[in-house]
Amino acid sequence: MKHLLSITDLDKKELTSLIDFATQIKANPALYQDKLSDKIIATLFFEPSTRTRLSFESAALRVGAKLIGFADASTSSTQKGETLEDTIKIVSGLADLIVMRHPASGAAKRAAAVSKVPVINAGDGSGEHPTQAMLDIFTIKENKKTLENLNIAFVGDLKNGRTVHSLSLGMAHFNPNYYFISPPSLAVPAEIKQALNLNKIKFSELTDWQKIAPQIDVLYMTRVQKERFNDVAEYESVKDAYILNANSARLFKSTCIFMHPLPRVTEISAEVDADPRAIYFDQARNGLWLRMALLISMKY
Amino acid sequence: MKHLLSITDLDKKELTSLIDFATQIKANPALYQDKLSDKIIATLFFEPSTRTRLSFESAALRVGAKLIGFADASTSSTQKGETLEDTIKIVSGLADLIVMRHPASGAAKRAAAVSKVPVINAGDGSGEHPTQAMLDIFTIKENKKTLENLNIAFVGDLKNGRTVHSLSLGMAHFNPNYYFISPPSLAVPAEIKQALNLNKIKFSELTDWQKIAPQIDVLYMTRVQKERFNDVAEYESVKDAYILNANSARLFKSTCIFMHPLPRVTEISAEVDADPRAIYFDQARNGLWLRMALLISMKY
Amino acid sequence: MKHLLSITDLDKKELTSLIDFATQIKANPALYQDKLSDKIIATLFFEPSTRTRLSFESAALRVGAKLIGFADASTSSTQKGETLEDTIKIVSGLADLIVMRHPASGAAKRAAAVSKVPVINAGDGSGEHPTQAMLDIFTIKENKKTLENLNIAFVGDLKNGRTVHSLSLGMAHFNPNYYFISPPSLAVPAEIKQALNLNKIKFSELTDWQKIAPQIDVLYMTRVQKERFNDVAEYESVKDAYILNANSARLFKSTCIFMHPLPRVTEISAEVDADPRAIYFDQARNGLWLRMALLISMKY
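Protein chains in written order, with the working numbering: chain A, 2 to 301; chain B, 2 to 301; chain C, 2 to 301.
Since the hints were made in silico from the structure, they are not lab data.
Check the hints yourself; a few may be wrong.
Identical copies carry no separate label here, and so any pair may be met within one copy or between two of them.
[Said to hold, decoys possible] Distance condition first, Cα-Cα at most 27 Å in a straight line; then the derived DSS-like pairs of lysine-lysine:
#1 Lys3 with Lys117
#2 Lys160 with Lys142
#3 Lys90 with Lys145
#4 Lys146 with Lys110
#5 Lys110 with Lys212
#6 Lys14 with Lys203
#7 Lys40 with Lys3
From just these sequences and the hints, can you work out the full model?
Put into C-alpha cells, the structure is as follows:
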C-alpha cells in the first residue's frame, strides 16, 4: 500500500488480511516492538483529536517508530499562509510516513499527491476516516465471529459523520443490510447512497429505531457533532433525539453489540456502559492493534 | 503503589524509602536507563505546566519509557464535550501509566476510579501536588541531613497553594513545627488545619515573619498565583506583600534554606539567587531523580 | 562549541568542516543513529515554527537523542509570568541541550548566559537564525560546487528577515558580491551593512532586479512576513512587489539557483517549482543533515 486515503483503497482480501494481522498482534504485541525502529512517523493534526492521535502515537511507539508532529494547526506554518502542499513536501523530507487529520474534505488526497512518503488519512473533514472503519470492522469480527450478512443500524448525524461513511463503504464487502437512522436534515449523503447502490447493498432510511431494533446485530451510534453545525439552535433541537439509555437498550436483542467511535456526549448514557453489549471502549482500544498492523504493512 | 493521588497515600516508611531510592538514582542515573523500556507513559496536562510536564517527561525518558500525551486541554477531546472519565478510560487502553494535571480539585481521584493503569496526580486545582511535596522533602533531607524536628515557615498564598497543602501533610510524619504566614484572605484551608490537628502537629498562623524569622530552618515561599484569583484588584493588593530580597533575607539564620516550588514572579528577587541558602533551582532539578524513582516504583 | 547563537560564532574553518560533516552524514545517515542515544534535547519554541522545529526534532531522533519541549509559549510557564532566565535555568537541569526559538531579538544570548547546557538559537525575533544560514550555505556548496566569489541577490523583506541577516554574515567568509533588493522601507538594517563594510564585502542596494538578474548565481527570495508588520495596509502594498514566476524566472541564467527559507506565500509561484533551478525544497531537506552534524558536534 502506498497511501491509505479511503477505506475503498483496500479490496476485501487486503482488508481481511489486515484484520487477521491485527488479531495476531493483539495476541502477542511484544513480538512486533522493533519492526519500525528505523522509522520516523509524522503525526500532523491540523484539527485536534486526542483519541485518534494518541492511538496512532501509541501504535507507532509500540512498533519501535519515533515521532515528530503537531497536535494543533495553530503551532504550524499554516498560520503563516503556507499551503498544505508545501507543508507536506517539507515534512515528507523529514519523516518516513505521514499520518494526518485535517478539517477539509479531500485534504489527505491532496497531501498524497505531493508526498514522497506514504500518507495515512486520520480523518479529513466530513470526508473519510478509514482507520476508524478498519478498527470498527476488526471489532465486529472479534465480537460477532463473522462479518457476513449482518444487520447494521447507523444512528445520529449521518450527514457529517465521516466514520459512518467509511464504515458503510468498508462493510459493503460482506453483504450487509443497513438501516440509516437520523433526522432528515442529517441523512446520509447522496454520494454514499450512490456508492452503496452501485455495490447492490441493501439499505433503508428511517427516522427512529422502534420497528427494526429487535433485528439489529450491530448498533452503531454516533455523536451529533456540535462543531459541524453552522446553527446552534439546529444543534440543540436534534442533539438529544437519538439516545441510548438503560430503557431504550431493552429494545435490542441480547446478541446485539453497541458501538460508538467516541467521544460520546449525551447520546449514550453512562448507565449503559456496564451492559455487556456495550463494547465501545474495547472498540477504541482495538484501534491500537489495528494501527500497529497498518503501520507495519505500509510500503516505506 | 497502584495510584499516587495524595501525599497521604504514602506512609512514613514508603516515603523515606522512595527518597532513599531517589538519592541512589541521583548518584548514578545511568544505571536505570532501561528500567521501563517496555512502557508507554501518557502525560495528560488539562492545564499547562512546563516545569512539571518537562520534569516528568525527562524522568520517563531517562528510565527508558516512551511518551504520548498533550500539553494543553485545547487539543484534547474535552473540547468536544467528552467527560474526564471517558478520556481516562480510552487513554488507559493506550498507555501503561497516566500522569495528569487538571484544573479541578479531585480530578485525579475521579481518573483513578476508572483507569485500568496507575494514575499519578501531577496537580489538581487547589487540591494536591504530591510529587512536588516528595521532591521538596527529598531536597530538605539532602540539605538539612534530617527531616525530624524542623521549624518550617510557609509563606504566600496558602489558601490556593496546593504545594503547601501537600508538603505540610507530607512533613507531618517528622514532628515539624509549622508557621503559616499569609494575608488573612489567603490563609491555609480549614481541612488542612484539621488534618494537622488530628496528627498533633504544632502550627501557628501569622501575617508576617518578623518575630519568627531567626528560628526558621526551612523558608518555603510560594507564588501568589494570579490565575487563582477572581478579582484582579485583590491580586494586585497582596502580590507584593511577602517578598524575599537581599534585605529581608538577612532576618534568617545562615543554616536556613530558601525553597520555592517555582515559577516565581516577584516574591523572590533575583538578587537572592546567589545566596547559598537559595536552593530553589536545585530543588526543581531534584524533581527529576524523585520522579525517576517514583515511575520505577509504581505497580504496572 | 559551547553555544550556537550567531553564525558569527563560527570561523571559516569551523563552518566549512561542519558543512563537510553534513555532506558525509547525507551520504550515509544510518551510521550516526546512536551517536546521542544518552542525550535528551529540549526544543523550546516560544514562537511556533513547524518547519524548523520538526527539522530539529527529526535530526535529533535520527542521531538517537530523545526529546522534551513545547511548540508554543501558551503551554509554558511564561504564561505565569516566569522570566526567560528562570525557564532556561530549570530546563537546563532537565535536558542535555536546548534548541530555542523566541520572538525577541537577543533572547538566545540571554538564555545562554544562564544555561548549564549548550543553547542553539533556532531564530530570535528579527535577530538571527544561524542554522538556517548554515543549511543555506551547505545547499549553495552542494549545488554550485564552490562557495567562493558568488553573486548573491537577496530579495524581499530584508529588514525583518533574520535568515538574510545570518546568511549574509555567514557567506562573508567567501568573497561574495551581494545585491540587496527590497522596497526602501524594508531595506537591510544598518548594523548588517556596517558588519559587511568592516569585512570589506562588496554589496549594493536596489529596488528591483531588472539590470542585475543575468549575473546572479544565487537568487535568495524571502517571504514578506505579515506577522512582522504593525500596519496591514503597508503589508498589502509591498507583499506582491517581488514575485518570482515563470515569466520573471526567464531573466536569470541557467546556472542560477533559486532559494527560499520557506514557508513561501505568493512570492514564488507554484509554477516555478518544476524549474530545475528551483531548489528550495531540497534546501529545506538539507536542514536535516546539517542539524544532525551540528547536534553531534556540540560540546555536552
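Check your understanding: How would you label the pair Lys146, Lys110 (within, between, both, or neither) given a Cα cut-off of 27 Å?
Key -> The answer is neither: 34 Å in one copy and 38 Å across copies each exceed 27 Å.
| task | Could you figure out if Lys40 and Lys3 sit no more than 27 Å apart (CA to CA) within one copy, between two copies, both or neither? | result | Classified as within; 16 Å inside a copy, 30 Å across copies.
| said: One pair to classify: Lys14 and Lys203, alpha carbons no more than 27 Å apart. Within, between, both, or neither? | reply: within (22 Å within a copy, 67 Å between copies)
* Given a CA cutoff of 27 Å, do Lys160 and Lys142 count as a within-copy pair, a between-copy pair, both, or neither? -> within (26 Å within a copy, 54 Å between copies)
- Copy assignment of Lys3 with Lys117, given that the CA separation must stay at most 27 Å: within (10 Å within a copy, 36 Å between copies)
- Item | 27 Å Cα threshold - placement of Lys212 relative to Lys110 | neither (40 Å within a copy, 43 Å between copies)
Please sort Lys90 with Lys145 into within, between, both or neither, judging by C-alpha distance up to 27 Å. Cα proximity of Lys90 and Lys145: across copies only (23 Å, versus 43 Å in one copy).
Checked against the numbered hints given earlier, this structure breaks hints 4 and 5; the rest are met.
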